[in-house]
Amino acid sequence: MASLLHQIRHQSVTIDRPLPLDSGQALPSVTIAYQSYGTLNADRSNAVLVCHALTGDQYVASDHPATGKPGWWARMVGPGKPVDTDRYFVLCANVLGSCMGTSGPATPDAATGAPLGMAFPVITIADMVRAQAMLLDHLGIARLHAVIGGSMGGMQTLGWAAAYPERLASAVVIASAARHSAQNIAFHEVGRQAIMADPDWQDGQYYGSDRAPTKGLSVARMAAHITYLSEAGLTEKFGRRLQARDAKSFGFDADFQVESYLRHQGLAFTDRFDANAYLYITRAMDYFDLAEPYDGRLAGAFAKASDVRFTLVSFDTDWLYPTSESRRVVQALQSVGAAASFVELSAPFGHDSFLLDVPALDRLVAGALRNGG
Amino acid sequence: MALRPDLAIIAGAVPAATRVLDVGCGDGDLIAALRDKGVDARGLEIDAANVTAAIARGQSVVQGDANHDLADYPDDAFDYAILSQTLQTTERPDRVIAELLRIAPRAFVSFPNFAHWRVRLALLWNGRMPVTRLLPVAWYETPNIHHVTVADFRELVRARGIGVEAAWYLSGDKPTSAAAATWRAEHAIFLISRV
Chain A
1 MASLLHQIRH QSVTIDRPLP LDSGQALPSV TIAYQSYGTL NADRSNAVLV CHALTGDQYV
61 ASDHPATGKP GWWARMVGPG KPVDTDRYFV LCANVLGSCM GTSGPATPDA ATGAPLGMAF
121 PVITIADMVR AQAMLLDHLG IARLHAVIGG SMGGMQTLGW AAAYPERLAS AVVIASAARH
181 SAQNIAFHEV GRQAIMADPD WQDGQYYGSD RAPTKGLSVA RMAAHITYLS EAGLTEKFGR
241 RLQARDAKSF GFDADFQVES YLRHQGLAFT DRFDANAYLY ITRAMDYFDL AEPYDGRLAG
301 AFAKASDVRF TLVSFDTDWL YPTSESRRVV QALQSVGAAA SFVELSAPFG HDSFLLDVPA
361 LDRLVAGALR NGG
Chain B
374 MALRPDLAII AGAVPAATRV LDVGCGDGDL IAALRDKGVD ARGLEIDAAN VTAAIARGQS
434 VVQGDANHDL ADYPDDAFDY AILSQTLQTT ERPDRVIAEL LRIAPRAFVS FPNFAHWRVR
494 LALLWNGRMP VTRLLPVAWY ETPNIHHVTV ADFRELVRAR GIGVEAAWYL SGDKPTSAAA
554 ATWRAEHAIF LISRV
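Chains as they are written, first to last, in the working numbering: chain A, 1 to 373; chain B, 374 to 568.
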């Protein structure tokens, strides 16, 4: 499956400058795959960068090349939509370490031509942001009208405000956090162990073989998928209903609808995602703690961001990135005097609410992008 | 849209090019009026629907509770804090006022006067908790848990050593005098300051 995935051609740019990484290593050059929508205006002031989540990609508002499904945020980004492509030049780049055309573990080694696999350096959210900044430099965009993202996209957005406060006017952070909690890290570790325990993982060097760790990646996705939903949402959608049968089988088939659903989600995921990329990106999220360089004082990360307008949104059923984490960011922003907005929206879909039909979120995003001053 | 009379007075009294926090800003009517005159106005509001409406207007508003969340703002973060028609709903009005004057050297505080003659009459004649235009909810479900009068407020600021730079008293939409305010004002607005 992974080999098919890597045959897709993506619009990309290769920047022949070294990308310094938080680990101390550097990539000698970096390829960044991206999509854009709308038109950059004459003074280059209407660019909006959309940052995608862990398993997202640059196809924010266009059909996915592997699955054919509509873009993951097509409801939010487009002509007349909250992120209005009639007004804004909208950019979305596949993150560093991912598998949709940007440099990552499937990238060939410059010397041998073989995929790097685990020789790809461990990266961080800040490294992803640094790569995006290189893309903007390449495109001649000095300053962004806004950076917007949900979940890991929100982490990148916060990372942008911390690293390049002078390069963005507005930051919209949805269902996110300024650090990964022990619980967040724990769930990711389950996923990574599932991948690495799959004999087909082959220490990450499966690209050339006819085997890929689809079982492990599938289990990782199943575990993660549960964390994206709310308990009430799962109960409403599936309850204890049985899957295409009248009685329990007294075996280990997918008796319950929720089992069948998760198995399908897990398997479908392996068509569009690379297991090593999953390892690297979850690692980057686990390493994310914006306050770490400031002795745990989050305000330190935003010391120079007081001119950025922030909008934070959480969802009441999101237990993965709960409201308390957004509030912590808001408190830090208020302590540096930044203009911050925050609201906890009520939505039944858990963490995934940021991707789904929550009309209040649409209004918030549209308002946050407007020049309110 | 016409502003509520007390908000119009506050909007008129805040100088341009200042930084203001509107505590209990609702869906942002006062913030909009203040921004129109070049004030950097932000808001704190407890109700998610109101916060959403204000952010959708392009305003900077944080969902939060005046009882607890003012603590998140640093000292002197603003030039003015505004608390309109909210004081009587807070758990500890004295502490909220202290917080307002911590985050800003000056604050506008407006509240319905519980000693207005209609309120007094209702209590005197009927022996029942008054339900009036400005206090429209029955005692058992009212959010107004600390009814306050003009005289009470004057006494509180005197006792706490808080300055009063200006005061406005409204009967209906019309101003009424300071001397008659304890009886005649339905509604009072004080501009208080650290001394």
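None of these hints come from the bench; they were simulated from the model. There's no promise every hint is true.
Stated by the list, open to error - Per the computed footprint, the stretches of chain B lying under chain A, defined by three or more beta-carbons under 8 Å from a beta-carbon of chain A, are:
hint	region
1	441-453
2	516-522
Claimed, not checked - Selected chain B positions facing chain A (Cβ under 10 Å, derived; list incomplete):
hint	residue
3	G416
4	V424
5	G431
6	R527
7	R531
8	G534
Stated by the list, open to error - Derived pair list, reagent style SDA-like, types lysine to any residue, alpha-carbon separation capped at 20 Å:
hint	chain 1	residue 1	chain 2	residue 2
9	A	K215	A	R192
10	B	K410	A	R370
11	A	K304	A	T317
12	A	K81	A	R363
13	A	K304	A	S335
14	A	K215	A	I226
15	A	K304	B	A450
16	A	K304	B	P447
17	A	K215	A	R272
18	A	K304	B	D413
19	A	K304	B	A511
20	A	K304	B	R392
21	A	K304	B	D449
22	A	K304	B	K410
23	A	K237	A	R370
24	A	K81	B	G431
25	A	K215	A	L4
26	A	K81	A	T67
27	B	K410	B	A422
28	A	K81	B	R430
Cβ coordinates follow ideal geometry from the N, Cα and C atoms, glycine included.
Against the structure, the hints:
no.	hint	verdict
1	441-453	holds (count 4)
2	516-522	violated (count 0)
3	G416	holds, 9 Å
4	V424	holds, 4 Å
5	G431	holds, 3 Å
6	R527	violated, 32 Å
7	R531	violated, 32 Å
8	G534	violated, 27 Å
9	K215/A x R192/A	holds, 12 Å
10	K410/B x R370/A	holds, 19 Å
11	K304/A x T317/A	violated, 33 Å
12	K81/A x R363/A	holds, 10 Å
13	K304/A x S335/A	holds, 12 Å
14	K215/A x I226/A	holds, 17 Å
15	K304/A x A450/B	holds, 16 Å
16	K304/A x P447/B	holds, 16 Å
17	K215/A x R272/A	holds, 14 Å
18	K304/A x D413/B	holds, 19 Å
19	K304/A x A511/B	violated, 49 Å
20	K304/A x R392/B	holds, 19 Å
21	K304/A x D449/B	holds, 19 Å
22	K304/A x K410/B	violated, 27 Å
23	K237/A x R370/A	violated, 36 Å
24	K81/A x G431/B	holds, 16 Å
25	K215/A x L4/A	holds, 17 Å
26	K81/A x T67/A	violated, 23 Å
27	K410/B x A422/B	violated, 26 Å
28	K81/A x R430/B	holds, 16 Å
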